[in-house]
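Visitor: Fit chain B to the supplied structure of chain A, relying on the hints for placement.
Residue-level listing of the chains:
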Amino acid sequence: MTQILIGPLAVAIISTVLAFLIAIIDKVLNNYGQVKISINGGKKVLEVKGGSPLLGTLAAEGIFVPSACGGRGSCGACKCKVTTDVGPHLPTELPYMSPAEIQKNIRLSCQIKVRKDLEIELPEEFFSVKKFQTKVESIKNLTYDIKEVLLALQDGQTVEFEAGQYVQLVVPPYGEITESVQRAYSMSSRPLDKTHIELLIRLVPGGIATTWVHKFLKEGDRVEVVGPFGEFHIHDTPATMVCVAGGSGMAPFKSMLYHMYETGAFQEKEIWYFFGARTTKDMFYLDELAELAARWPRFHFVPALSEPKPEENWKGDVGLITDVLDRYVQSTIDKSKGLEGYLCGSPGMINACINVMKKNGMTEDKIYFDKFA
Amino acid sequence: MKTKPEDRIAYEKMLPGVLTAQGFLGNDIRPLAEIIMEDEQEFIRLGLDFEEVADRLDALKQAGEKGLGEPITVGELLVQTGDARGMLPCPWGDGLYHKNAISIQPADKPQEACVEGEDMLIFSDLSIHLLRVHHFCQGLGSPFRLDPVFLKHLIY
Numbered sequence: 014m015t016q017i018l019i020g021p022l023a024v025a026i027i028s029t030v031l032a033f034l035i036a037i038i039d040k041v042l043n044n045y046g047q048v049k050i051s052i053n054g055g056k057k058v059l060e061v062k063g064g065s066p067l068l069g070t071l072a073a074e075g076i077f078v079p080s081a082c083g084g085r086g087s088c089g090a091c092k093c094k095v096t097t098d099v100g101p102h103l104p105t106e107l108p109y110m111s112p113a114e115i116q117k118n119i120r121l122s123c124q125i126k127v128r129k130d131l132e133i134e135l136p137e138e139f140f141s142v143k144k145f146q147t148k149v150e151s152i153k154n155l156t157y158d159i160k161e162v163l164l165a166l167q168d169g170q171t172v173e174f175e176a177g178q179y180v181q182l183v184v185p186p187y188g189e190i191t192e193s194v195q196r197a198y199s200m201s202s203r204p205l206d207k208t209h210i211e212l213l214i215r216l217v218p219g220g221i222a223t224t225w226v227h228k229f230l231k232e233g234d235r236v237e238v239v240g241p242f243g244e245f246h247i248h249d250t251p252a253t254m255v256c257v258a259g260g261s262g263m264a265p266f267k268s269m270l271y272h273m274y275e276t277g278a279f280q281e282k283e284i285w286y287f288f289g290a291r292t293t294k295d296m297f298y299l300d301e302l303a304e305l306a307a308r309w310p311r312f313h314f315v316p317a318l319s320e321p322k323p324e325e326n327w328k329g330d331v332g333l334i335t336d337v338l339d340r341y342v343q344s345t346i347d348k349s350k351g352l353e354g355y356l357c358g359s360p361g362m363i364n365a366c367i368n369v370m371k372k373n374g375m376t377e378d379k380i381y382f383d384k385f386a
Numbered sequence: 538m539k540t541k542p543e544d545r546i547a548y549e550k551m552l553p554g555v556l557t558a559q560g561f562l563g564n565d566i567r568p569l570a571e572i573i574m575e576d577e578q579e580f581i582r583l584g585l586d587f588e589e590v591a592d593r594l595d596a597l598k599q600a601g602e603k604g605l606g607e608p609i610t611v612g613e614l615l616v617q618t619g620d621a622r623g624m625l626p627c628p629w630g631d632g633l634y635h636k637n638a639i640s641i642q643p644a645d646k647p648q649e650a651c652v653e654g655e656d657m658l659i660f661s662d663l664s665i666h667l668l669r670v671h672h673f674c675q676g677l678g679s680p681f682r683l684d685p686v687f688l689k690h691l692i693y
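Sequences listed follow chains A and B, in order.
This note's numbering applies: residue 14 is where the first sequence begins, and numbers increase by one.
This note's numbering applies: residue 538 is where the second sequence begins, and numbers increase by one.
Just chain A, same shape as in the assembly (with noise of 0.2 Å):
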C-alpha cells in the first residue's frame, strides 16, 4: 500500500516544487520595474510598469490603439511605429506587414511586451480617443438582420467625431463567451449631437459581437464604446461624391448625410448615394432618404435591389449595385466638377465599386473607404 502511495506523492512533491521554482523564476526574470514610453519624440511620455503588451499598457494609460481580437495578433489593426529596437519581427506580425512597414520599424502592438524604455510613434488623433460608457436608449429592428442601435453617453461625456468615423463597441462576456472583445461599427449618428452614438449593426451568423448585439443586448444597458476612430471623412472639395454601400454600410453615410443636409457643409458638393440590398425585406430608411432627396436638390438617391420578387413591384433599379453604378456613372451623373467615390461595405464589394469607378475614369487617389476586414 505504501509503496502504491510513494509513486503519485512524489510527482505531486516534485511538481508542486517545480512550480514554486517557475513562480520564483518568472518573478525575478520578467520584473521589468519602471519603464518610459515616449511617444513622437517626446510629445508624451509615459512612466509605466514593464512586462505586459504594449497595446495594454497604453491602453491603461487611456491610449487606445485600435484593435478587434483582443490582443490575439489575428486582426493585425493594432500597428504602430517602434522606433526603439524591440528585436526581429515575431512570426505572428509578419502576415500583416507589408515589406514597407518592416523596414519602417512597423509593429502589432499586441504582440510588443514593454521590457525597457521604448520610444514609439502613432497617430496624433489616438490621443484623442476616449473610452465612453454608454446607456442603450433603444434598439430599432430596421430590417430582421440589421438594428439601429442608440447609446447615450453617461456621466456627462460628450463625443467629438467626423462623420464617417467609427467606434469599438466592447462587448462583456456573455453565455459562452466568457472574454470581452470589441468590434468596430461606424456611427449613424449626426456629430452635432455629441451626446449620442448610433450604431447600424447586422447580424453575422456566428458573429460574437453582433450576436450579442441582436439576441443579448436590451434597452437600459450599459455598454462601453472607444472611439473615436478612422480617416473616411467628407473631403471638402467641389466635386461630386458617389456614395456606394450594402446593409449596414449605410452608417457613415446617413452621418455624413444629415450633417451636411442640417449644417449646410460642403455646399457646393453634388451627392449621388447608391444603396443595394436583395429584397425589400433588406431595404430600410427608404421613405427617409427618398424625403431628404426630394427636400434636398443636390441629394440624388438611387436604392436597387438585386433580386426583387415579382410580387414586390419594385419600381426602383434593378442589378447588383455595381452594374447599376456603372450605368449612372456612364450616363447620368455630371462629371463637370470631378467625381470623388465613398464606399462602405466588404471587401469584395469596395473592390467591385473601385474598379467600376476606376473604369469610368475615376482615379483610385479620389475612391475613400475605411475597410473593416
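Treat the hints with care, as some may be off.
[To be verified] No farther apart than 25 Å at their CA atoms in a straight line, the calculated lysine to aspartate or glutamate pairs in the DMTMM-like style are these:
| id | chain 1 | residue 1 | chain 2 | residue 2 |
| --- | --- | --- | --- | --- |
| 1 | A | K372 | B | D656 |
| 2 | A | K228 | B | D656 |
| 3 | A | K322 | B | E649 |
| 4 | A | K228 | B | E543 |
| 5 | A | K294 | B | E655 |
| 6 | A | K294 | B | E653 |
| 7 | A | K294 | B | E649 |
| 8 | A | K294 | B | D565 |
| 9 | A | K144 | A | E175 |
| 10 | A | K371 | B | E613 |
| 11 | B | K550 | A | E192 |
| 12 | A | K160 | B | E549 |
| 13 | B | K646 | A | E320 |
| 14 | A | K153 | B | E602 |
| 15 | A | K160 | B | E602 |
| 16 | A | K282 | A | E137 |
| 17 | A | K57 | A | E173 |
| 18 | A | K144 | A | D168 |
| 19 | A | K126 | B | E613 |
[As the list claims (entries may be wrong)] If you want the ones that stay clear, here's a sample from chain A, every Cβ over 12 Å from chain B, calculated:
| id | residue |
| --- | --- |
| 20 | V30 |
| 21 | Q47 |
| 22 | G69 |
| 23 | I76 |
| 24 | R85 |
| 25 | F229 |
| 26 | I334 |
Because the hints were derived from the structure by calculation, they are not lab data.
The beta carbon of each residue, even a glycine, is placed where N, CA and C say it ideally should be.
Guide: Structure of chain B alone, referenced to chain A:
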C-alpha cells in the same frame, strides 16, 4: 486511442480564448482524435468525400462573393459572405486564413425563419481547410461545425 503530439498542440489552440474567443470545440468533451474519427466514419456512411465536400463549399463561397456582401441565390441555396479584419492560423500550424463567415441556407425559406445549425450552415476559409486537410468538422456545439448529416442534406 493515443493522442499524437501535433494533435495535442492543435487541441490546446482550439480551446476558447486561444485562437478565437469561441474556440473550435463547442461543448464537445471528446478527445480530438475521437471527434475526427467519428466524423470520418459518418462521412463514409453517408458516402461523402472530404475533398469533394471542401471543393463544393469553396465553390459556394466563390458564387456567394458575387453578392458583394448581400445574400445571393446560388441554385437552391441562399449564400451570404461576410469578412472580418485579420487572419486566423490553422490550429495544426499549416496555414493562415482570412477571417470570414459564409452562411448557406435553403433559398425557399425566409431568412428570418432560418436558425443556425438547423437550417443554416456557417463556414469559413479555415473551416474548408480543416475539413479538406485534417478531416475536422469542429466539435459539437461549435457555431462553425460542419455536421456531416446536415452538410449532406443542405448541399447535395
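Visitor: All hints are to be evaluated individually against the structure, with a verdict given for each.
Guide: Hint check results:
1. A:K372 - B:D656: violated (40 Å)
2. A:K228 - B:D656: holds (18 Å)
3. A:K322 - B:E649: At roughly 16 Å apart (the allowed maximum being 25 Å), E649 (chain B) and K322 (chain A) satisfy the hint.
4. A:K228 - B:E543: Violated - the C-alpha atoms of E543 (chain B) and K228 (chain A) are around 37 Å apart, more than 25 Å.
5. A:K294 - B:E655: holds (22 Å)
6. A:K294 - B:E653: The hint holds at about 20 Å.
7. A:K294 - B:E649: Judged against 25 Å, a Cα distance of about 10 Å means the pair holds.
8. A:K294 - B:D565: violated (37 Å)
9. A:K144 - A:E175: Holds, at roughly 17 Å.
10. A:K371 - B:E613: violated (35 Å)
11. B:K550 - A:E192: Judged against 25 Å, a Cα distance of about 16 Å means the pair holds.
12. A:K160 - B:E549: Between K160 (chain A) and E549 (chain B) the Cα gap is close to 36 Å, so the pair fails against 25 Å, i.e. violated.
13. B:K646 - A:E320: holds (15 Å)
14. A:K153 - B:E602: Not OK: K153 (chain A) and E602 (chain B) at ~29 Å, beyond 25 Å, violated.
15. A:K160 - B:E602: holds (23 Å)
16. A:K282 - A:E137: violated (29 Å)
17. A:K57 - A:E173: holds (21 Å)
18. A:K144 - A:D168: Judged against 25 Å, a Cα distance of about 12 Å means the pair holds.
19. A:K126 - B:E613: violated (51 Å)
20. V30: Label holds. Min Cβ-Cβ 25 Å, cutoff 12 Å.
21. Q47: holds (30 Å)
22. G69: holds (15 Å)
23. I76: Label holds. Min Cβ-Cβ 20 Å, cutoff 12 Å.
24. R85: Non-interface label on R85 (chain A) violated, nearest chain B Cβ at 7 Å vs cutoff 12 Å.
25. F229: For F229 (chain A), whose nearest Cβ neighbour in chain B is about 15 Å away, the distance exceeds 12 Å, so it holds.
26. I334: For I334 (chain A), whose nearest Cβ neighbour in chain B is about 7 Å away, the distance does not exceed 12 Å, so it is violated.
Hints 1, 4, 8, 10, 12, 14, 16, 19, 24 and 26 from the earlier list are contradicted by this structure; the remaining hints agree with it.
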